[in-house]
Amino acid sequence: MPFWSNPAVRGGVYQVTVLAGVFALGAYLIDNTLDNLAARSIRSGFGFMAREAGFELGESLIPYEPSDSYARAYLAGFVNTMKVSFAGIVLCSILGLFVGIARLSKNWLVARLASFYVETLRNIPILLQLFFWYALIIEVLPPSLDAINLGPGVFLSKSGLLFPLPLHDPAHAWVGLAFLVGIPAAVFYGHWAKQRQNATGQQLPRLLPTVGLVLGPAIIVFLILGAPLTFEVPVFQRFRFVGGGELTPEFLALWLGLSIYTSAFVAEVVRAGILAVDWGQNEAAGALGLRRGLVLRLVVLPQALRVIIPPTTNQYLNLAKNSSLAVAVGYPDLTSVTNTSLNQTGQAVECIAVMMAVYLTLSLLISAGMNIYNRVVAIPDRR
Amino acid sequence: MTDAALPIAPPRTGPTAWLRTNLFGSWRNTLISLGSFALLVWAVPPLLDWFLFESRWGDTPPAECRKAAGACWAFVHEKHRLILFGRYPFAEQWRPLVGMAILLGLIGASCYRPFWRRWLLAVWAVGIAVMAVLMWGGVFGLRFVETTLWGGLPLTFLLTTVGVGAAFPLGVVLALGRRSKLPIIRAVSIGYIELVRGVPLVSLLFMASFMFPLFMPSGVQINALIRAQVAIILFAGAYLAEVVRGGLQAVPRGQIEAAAALGMGYWLTMRKIVLPQAIRLVIPGIVNSFISTFKDTSLVAIVSLSDLMLSTRQAIADPLWRPFFVEGYVFIGAIYLVFCFLMSRYSQHLEVQLNTGRRR
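Quick note, the sequences are listed as chains P and U, same order.
Per the working numbering: the first sequence = residues 1 to 383.
Per the working numbering: the second sequence = residues 1001 to 1360.
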């Protein structure tokens, strides 16, 4: 056998070739880039991050001024991305769960409505849906002067959604502290109850004490301190609303668009998860004498969640990545900040690299967490 | 005991029985049905009024349209050439139309299983070449049309089909690389796939429009259309790789071992034994990738390529017709919806069809 037919030799040659190819391509691109940058006299490096950004952001959770640095602008953009992603994940889970269960309903009408919802929303591009919601908010809603009053102190208009905000009071910190104390207490109680059940067979009530332990201390502290709760209600003065909390039209459009689009996919995941649990499991658990609630909690849900959680996480990731479409409606997220920065500085490579690195880190962290979760819940010894 | 003493069993078939089992089985079910019905009664008539009965068709002037309570389809009537073909020269728009018809014909023909033969690839190559000639022109007495003027629905279809077509080989190579025993090849494949899947498409499109020009040797220009197309190919390739990998994992090990026992090498085994089975398994997944790519091409609007999405925005930008953006969005939404819905139905149908041999 000639030596080049040896699989090990061939493997080595393939690998060296691929590696050399990757390096050559990389070197070629870097070389061209450096030439081009020199020709356009653009300085490279991340030094610009410390310079003054000089542009406004429509909204920011952290304090930000145009006189702050680019790094600060990026941070503000990242926080905005996280804000809309988190809000979107919460809303799309609720909608998706609801619609997914509705699709399996024995009621013909409900099942049809739910499948109409899913088929329509997941087959229209998310960007179109975002444009649609945004245009609807800023073109069809009345101006702030004639804002729609949705409830006490809640106003919806072209300039967004305004709502009352509780005024800050020093007592709130103590309430929060009491709440934080309640959680470990509840966990401890859960462990203790389980040990007791294992030792004596006696079942202690779970739900009520847990809720009581988590919320109880906070409520008691709140009442002892004299229930200090006043709301700052938005009031229309001259040309605009003053006071209270605000969701901008950009945030609203992005949040609604992302949540509704993703909820169609989550609904399908939920449906598949519920269908994946064999009906025989239900019957067997019933035959063992478990109550309906226990059947759900101990038999059906653990199996359904094993099927539901990984693809749902994928959908959450998609939502977070799709939030980069904020740039289309002008919500100042990470992508918008990147876009503005690279137009101002011309340092496209650095700006895009930072943006990609942030999204990538986020994705990799979540998928690493997912893999760990999968390993924990995988049915042992399944082939 | 006589028969008369038995209660009369409710009918098991017929409309009454259907209503009983599907809508009014229990009091809870009845309540839910009535609630949903009320929702429909509340929502559907106003929507129908807007959509149909109060709407304006044909060439109603915009001022007239503003007075109407319903939709102004006159907007779509007036602007349909701009929406569907973008800024392509008006007199030449039959060319993208014919090109698009060829493309749709090819997609339709490819959905028919008896046509899944080697010659279909040749037909595709010819079809794409004809479309390219029609779009560009410059030969056979056709006027030359720059790519910057291409737009609308033909551009969307072109970006999608060329994108998936070129991403498929990339995906197969990456999937094989990811399953390879050679550590460096595996690392490179995994690195690429995870890198691309970890970032949003928008960031790749940004990279394509701002960084690709820097990557080229000075003096070489690549136009915006090709840059966006490359970004779409690179993006779709990573996702297709994961689809194909699913198929590769589903091929039983015994097949590979049997091929090895017959003395077949790696490439022969892959080409003749593994890939044909793996790809057959994942055809529905590939169709689904096609659907997502079709939807994703709308993002090129962000880097100012006037596909269906951006040409519609340009149509809406006309101050005369500004209030009728809903009609414009509904119109192209319907185009996307119909196409994606048909493709996803086809994918489901295919899944059942291709599995008949494996089902017991």
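In case anyone wonders, no lab produced these hints; they're calculated from the structure.
Treat the hints with caution; some may be incorrect.
Stated by the list, open to error - Using C-beta positions, here's what the derived DEER-type ranges look like:
| id | chain 1 | residue 1 | chain 2 | residue 2 | range |
| --- | --- | --- | --- | --- | --- |
| 1 | U | Phe1024 | P | Pro170 | 54 to 60 Å |
| 2 | P | Ile309 | U | Pro1183 | 28 to 34 Å |
| 3 | P | Pro170 | U | Pro1183 | 57 to 63 Å |
| 4 | P | Val376 | U | Val1173 | 47 to 53 Å |
| 5 | U | Ile1102 | P | Ser67 | 42 to 48 Å |
| 6 | U | Leu1120 | P | Gly330 | 43 to 49 Å |
Here the structure is a predicted model, which is why all the values come from computation and not from measurement.
Beta carbons: idealized from backbone N, C-alpha and C, even for Gly.
Here is what the structure says about each hint:
no. : hint                             : result
1   : Phe1024/U x Pro170/P: 54 to 60 Å : holds, 57 Å
2   : Ile309/P x Pro1183/U: 28 to 34 Å : holds, 31 Å
3   : Pro170/P x Pro1183/U: 57 to 63 Å : holds, 60 Å
4   : Val376/P x Val1173/U: 47 to 53 Å : violated, 34 Å
5   : Ile1102/U x Ser67/P: 42 to 48 Å  : violated, 57 Å
6   : Leu1120/U x Gly330/P: 43 to 49 Å : holds, 45 Å
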